[in-house]
Structure formats: structure tokens, C-alpha cells
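K.L.:
Now for the letters of each chain:
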Amino acid sequence: MKTNRTISILFFLLMVMMPLNLYLIFKVAPTERIMGDVQRIFYLHVSLASGAFLAFTCTFVSSILFLWKKNLVWDSAASAAAETGLLFATLVLVTGSLWARPIWNVWWTWDPRLLTVLILWFIYVGYFLLRGGIADRFKKAQYSAVIGIIGYIDIPVIRYATKWWKSIHPLLSREGGGLNPVMKNVMFFSLATFLVLTVFLFLFRFRLARIEERLQKLKKLTED
Amino acid sequence: MENWGYLVGAYTVAWLGVSFYLYVNAKKQKAIEERLSDIETLLKDRG
Numbered sequence: 007m008k009t010n011r012t013i014s015i016l017f018f019l020l021m022v023m024m025p026l027n028l029y030l031i032f033k034v035a036p037t038e039r040i041m042g043d044v045q046r047i048f049y050l051h052v053s054l055a056s057g058a059f060l061a062f063t064c065t066f067v068s069s070i071l072f073l074w075k076k077n078l079v080w081d082s083a084a085s086a087a088a089e090t091g092l093l094f095a096t097l098v099l100v101t102g103s104l105w106a107r108p109i110w111n112v113w114w115t116w117d118p119r120l121l122t123v124l125i126l127w128f129i130y131v132g133y134f135l136l137r138g139g140i141a142d143r144f145k146k147a148q149y150s151a152v153i154g155i156i157g158y159i160d161i162p163v164i165r166y167a168t169k170w171w172k173s174i175h176p177l178l179s180r181e182g183g184g185l186n187p188v189m190k191n192v193m194f195f196s197l198a199t200f201l202v203l204t205v206f207l208f209l210f211r212f213r214l215a216r217i218e219e220r221l222q223k224l225k226k227l228t229e230d
Numbered sequence: 002m003e004n005w006g007y008l009v010g011a012y013t014v015a016w017l018g019v020s021f022y023l024y025v026n027a028k029k030q031k032a033i034e035e036r037l038s039d040i041e042t043l044l045k046d047r048g
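Keeping their order, the protein sequence lines are chains A and B. Using our numbering, read the first sequence as starting at 7 and increasing by one per residue. Using our numbering, read the second sequence as starting at 2 and increasing by one per residue.
Treat the hints loosely; a few may be bogus.
Cut-off 27 Å, straight-line C-alpha distance, at most; resulting in silico cross-link-like pairs (DSSO-like, lysine-lysine) [stated by the list, open to error]:
hint, chain 1, residue 1, chain 2, residue 2
1, A, Lys76, A, Lys223
2, A, Lys75, B, Lys45
3, A, Lys190, A, Lys75
4, B, Lys31, A, Lys146
5, B, Lys28, A, Lys226
6, B, Lys29, A, Lys169
What the simulated footprint calls covered on chain B by chain A, stretch by stretch (three residues with Cβ under 8 Å from a Cβ of chain A suffice, anywhere in the stretch; the number is not a length) [claimed, not checked]:
hint, region
7, 6–12
8, 20–29
9, 32–38
Pair ranges (Cβ atoms, derived) [as the list claims (entries may be wrong)]:
hint, chain 1, residue 1, chain 2, residue 2, range
10, A, Asn186, B, Ala27, 22 to 28 Å
11, B, Trp16, A, Thr9, 40 to 46 Å
12, B, Lys31, A, Ile125, 32 to 38 Å
If you're looking for bench data, these hints aren't it; they were derived computationally from the structure. Being a predicted model, the structure only gives us computed values, none of them experimental. Cβ coordinates follow ideal geometry from the N, Cα and C atoms, glycine included.
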């Protein structure tokens, strides 16, 4: 009941924030001098990446809690967050590619940042392939928790890839990386919008996972 | 506007992707809830 209410509140919040976010990106944010209008992909691309990292962090924490408490609720939370993270990571790769084509003149390049994000994507695709391949509910949760924890190692590697290796990917510092103040504020609002969207999608998927669990339990009852 | 196709494409792909994900999960939820209600009725009938 509490989850349902939170999902409804987040949904209405998103109905206000999403159009406002688009208005700020396309009407308020100034056009970047060198890249032109295509630079506006930046607000979407970075926000999606932040959402993905937040979701994978939730998978990491939930996986640890599952291995510690042995409670399947934590596995449902981990897989729901991983699904949200994978969706966002896919969109990060697609939007990044659509931004790279007019700026770098290529759809894809083997840059350390791009490569580490692609590795992250494959890790979580593997996570779901593994879950699909194991019938035993508890074993499925155990094995995927291990991947959820080990896979998370890639997140700091992605974060520091542009510092550790030669990279053409733009580096955004904590202070805003020389962004115009208006651009910075629009970026913060976009990040807030995608934070709400991430939590909304996670709770939506988590609720579905819990309903699925209940169905499986009732199915067993009818079989007995 | 230069390169508008890439800009519009990126936003369209992102929002379509999220909308499609929500649509698929909402449909899945509806189907599971129907199945749940059927099983609950069956269990009630059994006593």
C-alpha cells in the first residue's frame, strides 16, 4: 500500500518535472558555442548515466543484504534495480552514439570510457541471462547477488577511466567543468528529474517482482 | 538548427525506450494480477 502511494506521488511529480525539464533544456539552456544545438544531448546522456549508476548501486547494496540476510525480498530489489540500470545503460550507449556521430564523426570508438560502459552493459546482460537459466529460486538469487557485487567494480573504473587512460570523452568535474551557470542549473534539474524517474521505475518493477513472487507461492499451494 | 536529427533522435529514443519499458511491465502486471485473482478464487472455493 505504502509502495503504491509512493509510486503514484512519483508519477505525478514526473508529469510536472519531465515537461519542465524539456522546456529548460530546449528553451532556457544556451546553445553551446562549438558543438551547437546537438550538445543538448548532454543533459539527457549524463542524467541517464547517473540514473544507471544509482540503480546499479542499489543492486550492489541489495545483493550484499541478500547474501547477509538470506531474504528473497533483497533479491527482488536487486533484480528490479538491475533492470532499471540496464535500461538506462542501454539508453546511455544509444544517446552517446547519437552524440558522437556529429561531433567525433563516428558512431562508436574504442575509447576507455565507452569501452568500460559497454563492459558494464554486458555484465548486467549476463546477470539476466544467468537468472533466466537457473530454476531454483534461492540459487538464482545467490548467483546473481555475486554478479551484482562483482559487476559493481566496473563503476569506479568507468568513473576514473578518463583519468587513468588517454580518452577523448569529455571530463565533467564536480564543480561543473567550466559549464555556463545557466547550463549548470539546467543540468542539476535534469539530474533531479532522472533521479525521480529512476526511483519510480525501480519501485514500479519491484512491486511487480513482489506480485510475481506471490503468484509463484499461490501456484505452489494449488499444486500441493 | 544543425544536426537536429541526432538531437531529436536521442530524446525520442530515450523517451520511447522508457515508455515501452513501462508499457510492457504494466501489461505484465495486469496479466499477473488477473492470474492471482483466479487462483485466489480457486483457493477460496476449495476452502
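K.L.:
All hints are to be evaluated individually against the structure, with a verdict given for each.
P.N.:
Here's how the hints hold up against the structure:
1. Lys76/A / Lys223/A: 18 Å, holds
2. Lys75/A / Lys45/B: Not satisfied, since the Cα-Cα distance of roughly 33 Å exceeds 27 Å.
3. Lys190/A / Lys75/A: 41 Å, violated
4. Lys31/B / Lys146/A: 25 Å, holds
5. Lys28/B / Lys226/A: OK: Lys28/B and Lys226/A at ~23 Å, within 27 Å.
6. Lys29/B / Lys169/A: 43 Å, violated
7. 6–12: holds (count 5)
8. 20–29: holds (count 4)
9. 32–38: holds (count 4)
10. Asn186/A / Ala27/B: 22 to 28 Å: 39 Å, violated
11. Trp16/B / Thr9/A: 40 to 46 Å: For Trp16/B and Thr9/A the Cβ distance comes to about 25 Å; the hint is violated.
12. Lys31/B / Ile125/A: 32 to 38 Å: 36 Å, holds
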